[in-house]
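Q: So the sequences go chain by chain: A and B. The opening position of the first sequence corresponds to residue 1 in our numbering, with each subsequent residue numbered one higher. The opening position of the second sequence corresponds to residue 1001 in our numbering, with each subsequent residue numbered one higher.
FYI, nobody ran anything at the bench for these hints, they're computed from the structure. Note that beta-carbon positions come from the ideal geometry of N, C-alpha and C, so glycine has one too. Wrong hints could be hidden among the right ones.
As the list claims (entries may be wrong) - Here are a few chain A residues that face chain B, going by a calculated C-beta distance under 7 Å:
(1) Q82
(2) R101
(3) L104
(4) L115
(5) I122
There are 2 protein chains.
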Amino acid sequence: MADNLMGIREMCDAFDVTPRALRFYESKELLSPIREGTRRLFTKRDRARLKLILRGKRFGFSLEEIRQLLDLYDEDPTQVTQLTRTTEIARERLAQMESQRAELDEAIAELKEQLAWGEQVIEARRRETAA
Amino acid sequence: MADNLMGIREMCDAFDVTPRALRFYESKELLSPIREGTRRLFTKRDRARLKLILRGKRFGFSLEEIRQLLDLYDEDPTQVTQLTRTTEIARERLAQMESQRAELDEAIAELKEQLAWGEQVIEARRRETAA
DNA sequence: CGTTCCGTTTACGTCAACGTCATCTCCCCT
DNA sequence: AGGGGAGATGACGTTGACGTAAACGGAACG
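Can you build the whole structure from these sequences, using the hints too?
A: Written out as structure tokens, the structure is:
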């Protein structure tokens, strides 16, 4: 329970990322490990954030977008104005995501059509050859 | 029937791309317009290929992947094996896209939750202030 | 004490898919 | 002859997310 802190190597192994990536995320202010001298010690907060970072990446968000979402998660929620701003940002992102989803749906539908066409042609060829 | 050939401007207008893009595709060997002196003349083959290129891009293929598919296609468009390979690749891509969409849906749901939470907090604050 | 690791900083390199100049050549119009 | 466009050819710029190399510091091992 005392050992909340992880070195960079442990982090890399735990999350399958490179040290360079972690330093890079820190430089972009997505992580803020504490320093023991010059070395980085990652807290449980850093680990939670990294998890979200990696998930965001899988979703196709840019690091900058992820940073904004992270800020949304932990920005001081006592100020109504701040909170209002962050929900605005969230709503924008949501709109983007939904339009992205729509585009993706369209592409999927189109690709399926193509696929069906291709398979049909293959089938026809096979019958020709067989005859 | 004689005027199979299009200048670069016509191509751009017809497909809504920039001249730079067309030259770039040519440099990457995705297109090979004939030359009248120094000028490019795009054939019907180029137009067919460009159509495929743009579709490929909508599907999220890289230009390099598209080039390979195009090459595969005119290596021998009558061979079933080639067509089969293409549909295999397409199916893989489709799977990727669908999993991507699933993740996106998940992310949208989470973000919506966050949003609802934020708005609820704002509402509560407002009532506090009003009281 | 020397070597081997792990870690740090600084800084330049990379890849994709073009955008954006800067120049240059032709051709047409008046 | 002068001007205006369209098109061509370099060649450098851009953005995002790191990779990679250089040069250094401290700890641990034998």
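Q: Looking at the structure, which of the earlier hints fail to hold?
A: Going through the list in order, the structure violates hint 1 alone and respects the others.
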